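Peer 1: In this note's numbering, the protein residues as written are 133 to 317.
These are calculated hints, taken from the structure and not from any lab test.
Source: prediction; values computed, not measured.
Even for Gly, the Cβ is constructed at its ideal location relative to N, Cα and C.
Any given hint could be a false lead.
[Stated by the list, open to error] Heads up, simulated SDA-like pairs for lysine to any residue below, C-alpha to C-alpha not over 25 Å straight-line: (1) K237 to K191; (2) K216 to S251; (3) K216 to E229; (4) K216 to Y246; (5) K237 to K147; (6) K231 to R245; (7) K231 to L192; (8) K234 to L214; (9) K213 to D163; (10) K149 to I291; (11) K147 to D163; (12) K150 to E183; (13) K235 to K207; (14) K213 to H162; (15) K237 to W274; (16) K207 to K147; (17) K237 to R312; (18) K231 to P219; (19) K216 to R202; (20) K207 to L316; (21) K149 to K231; (22) K191 to T157; (23) K261 to N298; (24) K213 to R312; (25) K207 to R245; (26) K149 to K234.
[As the list claims (entries may be wrong)] Simulated restraints on C-beta separations: (27) C292 to N184: 12 to 20 Å; (28) H248 to D296: 33 to 41 Å; (29) N146 to R317: 34 to 42 Å; (30) S283 to K174: 32 to 40 Å; (31) F195 to S251: 36 to 44 Å; (32) T295 to M133: 32 to 40 Å; (33) P294 to D253: 30 to 38 Å; (34) I291 to N146: 18 to 26 Å; (35) E203 to S251: 19 to 27 Å; (36) L300 to E229: 27 to 35 Å.
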Amino acid sequence: MSVYVSLIHYPVYNKEKKVVATSITTLDIHDIARSSRTYGVKGYYIVQPIENHLWLANKLLSFWQGGHGREYNPKRWEALKLVKAVPYIEDAISDIEKKEGKKPKIVSTSAKRYEHTVSFDFLRREITKNEHPYLICFGTGWGLTEEFIHSSDYILEPICGPTDYNHLSVRSAASIVLDRLLGLR
């Protein structure tokens, strides 16, 4: 089972539905890394094309991956060693292809339902039975662009609760998705 995660800061929408690059938040880096480690994800990519934001992500990662942070909190290091910051999604795909010997299947997530979404159960079975690596993509801001979503191999069904409110933080959504796809049953 080869599952990877990406947190995409571009191309995503803002609330006016304009394509933007969003800011990095350290909580997203830490919390999704911890969820990734818990569920056996092989790598977590921060996709951020803005140079000074990429620098910030790499500065934080160097502290936890090799600096004082590794000694201070080994459990945090264990999670953050999975993280790599890259400027574009193509860099993450290329990195996975080098590691795995084949391109990953791209899985888009969204709070919106699309015509050709796949269920958690379906994707869980696919991940378990196939030799392909999978890259699960989470969007920041107001979500991944339509173009990105429609270029994916799979569009995962949205997480739905018992109400019509559907605006989870990306950290919460990532944890729920990973549990539904990779958690013990």
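Peer 1: Checking each numbered hint in turn, tell me which of them this model violates, lowest number first.
Peer 2: Of the numbered hints given earlier, those the structure breaks are 1, 2, 4, 5, 6, 13, 16, 21, 23, 25, 26, 27, 28, 30, 33, 35, listed in rising order.
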